[in-house]
Each structure stands twice: as C-alpha cells, then as structure tokens.
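All chains should be modelled from the sequences, with the hints used to inform the complete structure.
Protein chains in written order, with this note's numbering: chain D, 1 to 229; chain X, 1 to 402.
Check each hint, because a few of them may be wrong.
Label pairs and their calculated CB-CB ranges [claimed, not checked]:
#1 Leu356(X) <-> Leu139(D): 33 to 43 Å
#2 Asp177(D) <-> Arg29(X): 43 to 53 Å
#3 Asp206(D) <-> Pro14(X): 26 to 36 Å
#4 Arg29(X) <-> Glu131(D): 31 to 41 Å
#5 Gly15(D) <-> Glu305(X): 32 to 42 Å
#6 Ala33(D) <-> Leu34(X): 36 to 46 Å
#7 Asp27(D) <-> Ala394(X): 19 to 29 Å
#8 Arg28(X) <-> Ala33(D): 19 to 29 Å
#9 Val290(X) <-> Thr63(D): 30 to 40 Å
#10 Arg28(X) <-> Ser77(D): 46 to 56 Å
#11 Val290(X) <-> Arg186(D): 53 to 63 Å
#12 Pro14(X) <-> Arg221(D): 40 to 50 Å
A partial selection of chain X residues facing chain D, derived with a Cβ cut-off under 7 Å [said to hold, decoys possible]:
#13 Leu7
#14 Ala10
#15 Pro14
#16 Ala27
#17 Arg31
#18 Ala147
#19 Gly221
#20 Gly224
#21 Leu312
#22 Gly317
#23 Thr319
#24 Arg320
#25 Pro395
A few chain D residues facing chain X, derived, Cβ under 7 Å [claimed, not checked]:
#26 Leu58
#27 Glu80
#28 Arg85
#29 Ala86
#30 Gly111
#31 Thr115
Read the hints as simulated data drawn from the structure, not as lab findings.
C-beta atoms are modelled at their ideal positions from N, C-alpha and C, and glycine is treated no differently.
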Amino acid sequence: MRPTPEPIVTLRGVGRQYPGGVVALRDVDLDIARGELVAVVGPSGSGKSTLLHVIGTLDRPSTGSVVIDGFDVARLSDNELSALRAGRIGFVFQLFHLAPGVPTIDNVADGLLYTGIALRERRRRAALALERVGMGHRLTHRPHELSGGEKQRTAIARAVVGEPALLLADEPTGALDSQSGESLMRLIGDLHEDGTTIVVITHDRDVAAHLSREVSMLDGRVVGDRTAL
Amino acid sequence: MRPPGSLRAAALRPSDVLRLGGHGLRARRLRVVLSALGIAIGIAAMTAVVGISTSSRARLDRQLDALGTNLLTAGPGTTLFGDPAKLPEDAVAMVQRIGAVESVSAIGSVSDAKVYRSDRIPVVQSGGIGTYAALTNLPETAGATIAAGTWLNDATAEYPAVVLGARAADRLGVGEPGPELQVWLGGRWFTVIGILDPVPLAPQLDVAALIGWPAAQRYLGFDGLPTTIYTRTDPNQVAAVRAVLARTANPAQPNEVDVSRPSDALAARAAVNVAFTGLLLGVGAVALLVGGIGVANTMVISVLERRAEIGLRRALGATRGQIRIQFLAESLLLSGLGGGAGLLLGSGVTAVYATLQGWPTAMPAWFVGGAFAAALLIGALAGLYPAVRAARLAPTEALATT
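This is the structure:
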C-alpha cells in the first residue's frame, strides 16, 4: 500500500440540514487516506447514512466543503457527479438492491453500465469480479435463488467491478446472519488488502472492531476517531 | 485540486437503452400486456377501418376498371315548361357520327305495355317492370351479360321474344328461359329467351323486359323514339363527347337532353363511405387515446414502485438524463409493442373480412407508417411526465424508500 499525501476524502465543516429543520450532520471534519479501511459507527439517527451519502456524492452538504478524489463536489454539475460515481465510487447497500429475475452476472455488469463500456466487456469483467468475491459458480443464478450472504457478495462484486477508488458500504451485514456477516467482513478485509479504500457503516461494534479505524458518530457529530495501531 | 471539467458522464449506447427499456417491461409482464393491449385495440380499430374501406375502394376501382368509365347515357329530360321531353327518332344515328364514339345503343320505353306472369294476373299488379324496345347491340354497349338463355338477334327481334332483367325475372318468378316459357306482355304472349345478369352501370335494365325494336313497333305500337342512348367512347375523350352529346342527340332542343356518366354514381357512393370511414376512424382514435392514458398510468406506477432501482442506478453513476431516457424507452417500447400488435390484428381483420366479401385486401403504406408513428407519439407523450419525475428524484430519497 502506497501512502499518498492527498487524502481521497476530505470533509471540512460539513453540515447537512433537511427541509423541516432536521439536522443530520453538524460541522464534520474528516479525512480518509487512500487505502484506509474505516468503520463508521453510531446509533441509528446519528447521521451515519447521511455521512455516507455525502461522501458518495449522492447528497450535497448544506454547509462546508467535500472533496472526493481531488474533486470539489460543490463545483461539479449533476452530470459530473454522476461520472464521478460511475468511475470512482462503489456502493453496497444493506438491502442489496439486486434486480429481480436478472442473472447474477448481469446484475454485476450493470455496475459498469454508466461507464460507456460495451456489454461483452462488461460481462467479462463481471465474471472476474464474481470470481473475486467467491461467486464464480453462481454466474447465471437469479437473486431469488441466492442466500442473503450470496446476494450481498453479488452486490459487492457490482460495487467493485469498476475498480473504484472508494468503496462505501451501508450496513452490509445488517440483513445477514452472524456467520454470513463474518464471512462478508473477511471478504471486505480481502478487498482492503488489495488496496481499495473502504468505508463501512455499521452499528455492530464487533464488526467495527475488525477494522483498522473507527469513526464514532452521535447526533450528527464525529465524537470519536480511533485508529488501531 | 482537480478541475471539474475533467469529469464527463459516458453516453449510454443505443443497445443499452433498448435493454434498459426491455428490462423494465420483462419484470411486470401482465401489466405490460394489459397496457399494450389498450394501444393495440386503438390501433387495430383504426387499421381495420382504414383497411376495410381501402379494400372496398380497391374492389370498386377494379369493378370500374372492368365495367369501364367510358359509358355515357343520354335521355330525354323535360321541356322548358316542365313536360316530359322526347329524343328525335334519328338520335342514335346522329350520336353514331361523333368521332370518338365507339359504339351506340339505345332502348325505347314502351310505356303502355305491362308485363305479367300470365293473363290471369290483375292488371294493377304490374310489378313495376318496364317494357323497352332494345337495339341488338345493347349488351356490349351497356356492359350487360346474359345469365341464362340468349340475347335478341336480328331474327328474334322481329318476333314476340323477350329478355328479362335480373330483378324483373326474379319478380316474375321466372327461372330457366326456354321455348315453353312465356309471359303476358302488352296483351299477348312473349317467349322468354334470356335473362340478364345485374348491370351495375345501367340499373334501369335490371327491372326491364327487353324486346326487339321491330317487334315493339309491330306488336305494341311503339313510337320508335329512343328514351336512353348508351354510348361507349374513347376513354380519353369522355369529357369531350359528354360536352357535345346533348347537342348531337337533339340538335333542336339540346337543353331537353339529360346526359350522365353512370360510373360517377358508383364513385359517389364510395365517397359517402369515406365520410363514414372518417367517423369510425375518430372512434379508433379515441380508443388509442384511452390506450395512451393506460400507458401513462402504467408508467407513473412503475416509477413509484421503482424508486429504489432509480436510486441504485444514480449511485451506479446514471445521470438524470439517463434515468429519463430509460423510462422514456420503456414507454416507447410498450406503445411500440401495442402499435405493432394492433397493426397485425387490424390487418388480420381486414384480410379476413375482405376475403369473405371476395374483395382484394389492400392496406395503404402511409397508414401503416402513420399508425405506428402515432402509437410511438402516444407512448412518448405518456412516458414523458413519469420519466421526468423519475429523473428528478433525489438519489438518497429513492434509496430511503425501501
């Protein structure tokens, strides 16, 4: 892992207030270096998901500045943000969000749909990504034929098929039993070993304990930032 | 810091747009079939209306081709004082002298002579059948054909022999003509030697009893004045002949001659059908509109149900425009499927109906193209609003609704 001086995520004084006065983030400063594996922990309503959405450029902050992979989000148009997400950010959601009735390989290939790569190449890379997450034997299965753990592995393959600089996972083990969750965290660990910067939201302290850095949130503020040595 | 200009969203390939549209349809088959059915019914109704009227028109054209549009008739009209006029005795000979006229024939009404099946029938039950003296070249000129028996020749024209029009034979209850078959005509027995087919260009002949010109004069006191002159002219000279026909037939009183072109009457009947076709087409258009509303409804519901998918696609890097085009493609595909099915259905109905009627099947190419374009236009209009709504959804809001 080659440390670079420029962090991949830089948040400065970020606040997010929703219409109606709900404040989800208050004055958050956060740097994430390339190659880090970060857990964001905190009770529900603490602003974890909003933080992830802001880092993932799905949401814009009300105040403060967000710089992702060198791009100042505030200065990007919606189209440019879409291109940023398509090429540099991968998402994993708690509820997988796989298209029903669509084979695993095509669900994963959709991760490259908005990058301008041709279908044949998308499928080739999808097969490789599925291989990488241990799903090489499930290329033609449809989501309803998969276990929860397999679905989440498929979702991870979709997130990493474009080899993003940043992988964001929102409660990836939240809908899984503890055994599948454990195995999934090992997979995330493996991806991290390979050099991907990963941010995982979790409210499971055990999961967080696996990870090298833990950012704690409460009421929209960062209240703790522990780095394991 | 990197300059913002270096990021550029990749365009979706057309094949991917198609796949995306189809993907949305495959997931909800029953709903897709039902809403495509709405469009299909509208298009099918319009297609069948246009197809059937075009086929009917094609049959008419074919019929007119067979009958010829170069038949002109001239008959006596009324005098300036409103009395019935007469044509001069030598009118036929004079019309013959017009250069472009290819053949001339005539019938002359023998108004006093009524036709009865036998001499026992009361005089008032004449059945509305008119008796006419006919020149022997009438069938060729008027386009009449013999259904049974034979036409008058120079010999039978001298004797009490009669050829009946199709409806006249029917009314008299006459089947097969023959030497034994006689009718009571003008107070004496006439032998039925032939029966005509219906004559489309001269319907007057259908209810006529036709006898030889000399026989009419000899037995029934016929005055020898023609009442309808039939002419066939060079097809390119019909208008010119029409212009001079009245003057030629009755040089002394040209205003007392009625000239007409029977094929115009058939064409006019077709024109009436066109108005009716327009009305039915309007009904089809309403059905199509209702189908379009069905598609819009389906698309609105589809967008509501697929907020999570929209959020996911935004997370995967879809731009607003790409979300919009996905739903628009879906709507276009839906209405295109409906339009295609409707065209097939309507063409099938047309083909079956035309075949049953013995008509040629015809479908104008402009209509096929236009109907498909109309279906797509409806789909575009129906899909536009839902697609714009889908594109406006904030990604986080879409992801939060699961």
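The hints, checked one at a time:
no.: 1; hint: Leu356(X) <-> Leu139(D): 33 to 43 Å; in the structure: violated (54 Å)
no.: 2; hint: Asp177(D) <-> Arg29(X): 43 to 53 Å; in the structure: violated (34 Å)
no.: 3; hint: Asp206(D) <-> Pro14(X): 26 to 36 Å; in the structure: violated (49 Å)
no.: 4; hint: Arg29(X) <-> Glu131(D): 31 to 41 Å; in the structure: holds (33 Å)
no.: 5; hint: Gly15(D) <-> Glu305(X): 32 to 42 Å; in the structure: holds (33 Å)
no.: 6; hint: Ala33(D) <-> Leu34(X): 36 to 46 Å; in the structure: violated (55 Å)
no.: 7; hint: Asp27(D) <-> Ala394(X): 19 to 29 Å; in the structure: holds (23 Å)
no.: 8; hint: Arg28(X) <-> Ala33(D): 19 to 29 Å; in the structure: violated (45 Å)
no.: 9; hint: Val290(X) <-> Thr63(D): 30 to 40 Å; in the structure: violated (51 Å)
no.: 10; hint: Arg28(X) <-> Ser77(D): 46 to 56 Å; in the structure: violated (33 Å)
no.: 11; hint: Val290(X) <-> Arg186(D): 53 to 63 Å; in the structure: holds (57 Å)
no.: 12; hint: Pro14(X) <-> Arg221(D): 40 to 50 Å; in the structure: holds (48 Å)
no.: 13; hint: Leu7; in the structure: holds (4 Å)
no.: 14; hint: Ala10; in the structure: holds (3 Å)
no.: 15; hint: Pro14; in the structure: violated (12 Å)
no.: 16; hint: Ala27; in the structure: holds (6 Å)
no.: 17; hint: Arg31; in the structure: violated (14 Å)
no.: 18; hint: Ala147; in the structure: violated (67 Å)
no.: 19; hint: Gly221; in the structure: violated (93 Å)
no.: 20; hint: Gly224; in the structure: violated (90 Å)
no.: 21; hint: Leu312; in the structure: holds (4 Å)
no.: 22; hint: Gly317; in the structure: holds (2 Å)
no.: 23; hint: Thr319; in the structure: holds (4 Å)
no.: 24; hint: Arg320; in the structure: holds (6 Å)
no.: 25; hint: Pro395; in the structure: holds (4 Å)
no.: 26; hint: Leu58; in the structure: holds (4 Å)
no.: 27; hint: Glu80; in the structure: holds (4 Å)
no.: 28; hint: Arg85; in the structure: holds (4 Å)
no.: 29; hint: Ala86; in the structure: holds (2 Å)
no.: 30; hint: Gly111; in the structure: holds (6 Å)
no.: 31; hint: Thr115; in the structure: holds (5 Å)
Hints 1, 2, 3, 6, 8, 9, 10, 15, 17, 18, 19, 20 from the earlier list are contradicted by this structure; the remaining hints agree with it.
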